[in-house]
Amino acid sequence: MEQQEYLLKLQMLEQQANQFGEQLNVINQQINELNLLKSNLLHLNKSKEKEIYSEFGKGIFIKAKLDSKDFLVDVGNKIYVPKNFNEINKIIDEQIDKFEEIKPEIAKRVEQINKQLNGLIEQARKDKGSNKAEKVEKSKEAKGKRK
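Residue numbers (the numbering used here): 1231 to 1377.
Derived from the structure by calculation, the hints contain no laboratory data.
All C-beta atoms, glycine included, are put in the ideal place defined by N, C-alpha and C.
Do not rely on the hints blindly, as some may be mistaken.
Using 30 Å as the maximum straight-line C-alpha spacing, the simulated DSSO-like pairs for lysine-lysine come out as follows [stated by the list, open to error]:
no.: 1; residue 1: Lys1338; residue 2: Lys1313
no.: 2; residue 1: Lys1313; residue 2: Lys1280
no.: 3; residue 1: Lys1268; residue 2: Lys1239
no.: 4; residue 1: Lys1293; residue 2: Lys1280
no.: 5; residue 1: Lys1333; residue 2: Lys1356
no.: 6; residue 1: Lys1308; residue 2: Lys1295
no.: 7; residue 1: Lys1328; residue 2: Lys1268
no.: 8; residue 1: Lys1320; residue 2: Lys1338
no.: 9; residue 1: Lys1313; residue 2: Lys1268
no.: 10; residue 1: Lys1299; residue 2: Lys1313
no.: 11; residue 1: Lys1356; residue 2: Lys1338
no.: 12; residue 1: Lys1345; residue 2: Lys1320
no.: 13; residue 1: Lys1280; residue 2: Lys1299
no.: 14; residue 1: Lys1276; residue 2: Lys1356
no.: 15; residue 1: Lys1239; residue 2: Lys1320
no.: 16; residue 1: Lys1345; residue 2: Lys1333
no.: 17; residue 1: Lys1320; residue 2: Lys1280
no.: 18; residue 1: Lys1328; residue 2: Lys1338
no.: 19; residue 1: Lys1308; residue 2: Lys1328
Here are the simulated distance ranges between beta carbons [unchecked claim]:
no.: 20; residue 1: Leu1272; residue 2: Ala1294; range: 37 to 43 Å
no.: 21; residue 1: Lys1288; residue 2: Lys1358; range: 53 to 59 Å
no.: 22; residue 1: Asp1323; residue 2: Asn1255; range: 19 to 25 Å
no.: 23; residue 1: Val1303; residue 2: Glu1279; range: 30 to 36 Å
no.: 24; residue 1: Val1311; residue 2: Lys1345; range: 41 to 47 Å
no.: 25; residue 1: Lys1356; residue 2: Lys1333; range: 32 to 38 Å
no.: 26; residue 1: Lys1288; residue 2: Gln1259; range: 17 to 23 Å
no.: 27; residue 1: Lys1320; residue 2: Gln1259; range: 17 to 23 Å
Build out the structure end to end from the sequences listed, making use of the hints.
Structural data, given as structure tokens:
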């Protein structure tokens, strides 16, 4: 295999590894956000406070009075369904579990790509070594013919 082919394959594998790495970062970020949400809900559920600051939009907050601890949850397509604390907690746990299930699959793909990268590098070294040996052999033959 030519050096350019090796470089092209190495770049391609490196890009794939980077993409999977980015996916892992996004998944970890989602898990962190869900854990923070879960923590905030737990704090709210235990709190005796009757007033909170609720985000109104674009970093603007408004003081609001709590008359219940029921929530509206977006279940898709802008459809909102009332849920209580326990139901929301269950939904969050399920989402975290789904993300946690995906992580090992992506990590396995990254490991496979790294093995391919290492194999390709090793093959390139072998090919480079055999090319040097061929050049030395040709050089010896050329010297032998000159005598």
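Mind checking the hinted window 30 to 36 Å against the Cβ distance between Val1303 and Glu1279?
Violated: the Cβ-Cβ distance is about 22 Å, outside 30 to 36 Å.
Mind checking the alpha carbons of Lys1308 and Lys1328 for me, to see if they're no more than 30 Å apart?
Status holds; Cα separation ~22 Å.
Quickly compare the C-alpha distance for Lys1293 and Lys1280 to 30 Å and report which way the hint goes.
10 Å, holds
Can the restraint linking Lys1333 and Lys1356 be considered satisfied, given a maximum Cα separation of 30 Å?
35 Å, violated
Okay, Val1311 versus Lys1345 on CB: inside 41 to 47 Å?
Distance hint for Val1311, Lys1345 holds at roughly 46 Å.
Could one say that the CB atoms of Lys1356 and Lys1333 fall in the range 32 to 38 Å?
With a Cβ separation near 35 Å, Lys1356 and Lys1333 satisfy 32 to 38 Å, so the hint holds.
Below or equal to 30 Å on CA atoms is what counts here, so check Lys1320 against Lys1338.
It holds: about 28 Å lies between the C-alpha atoms, which stays within 30 Å.
Holds or violated: Lys1320 to Lys1280, with C-alpha atoms at most 30 Å apart
Within the cut-off at roughly 24 Å; holds.
So if I understand the rule, the pair passes when the alpha-carbon distance is 30 Å or less; does Lys1345 with Lys1320 pass?
Violated, at roughly 39 Å.
Lys1276 and Lys1356: Cα distance at most 30 Å?
65 Å, violated
Restraint check for Lys1345 with Lys1333, where alpha carbons must lie at most 30 Å apart:
18 Å, holds
Would you check the hint for Lys1328 and Lys1338, treating anything up to 30 Å between C-alpha atoms as holding?
16 Å, holds
Of the numbered hints given earlier, the model fails hints 1, 3, 5, 12, 14, 15, 20 and 23; all others are met.
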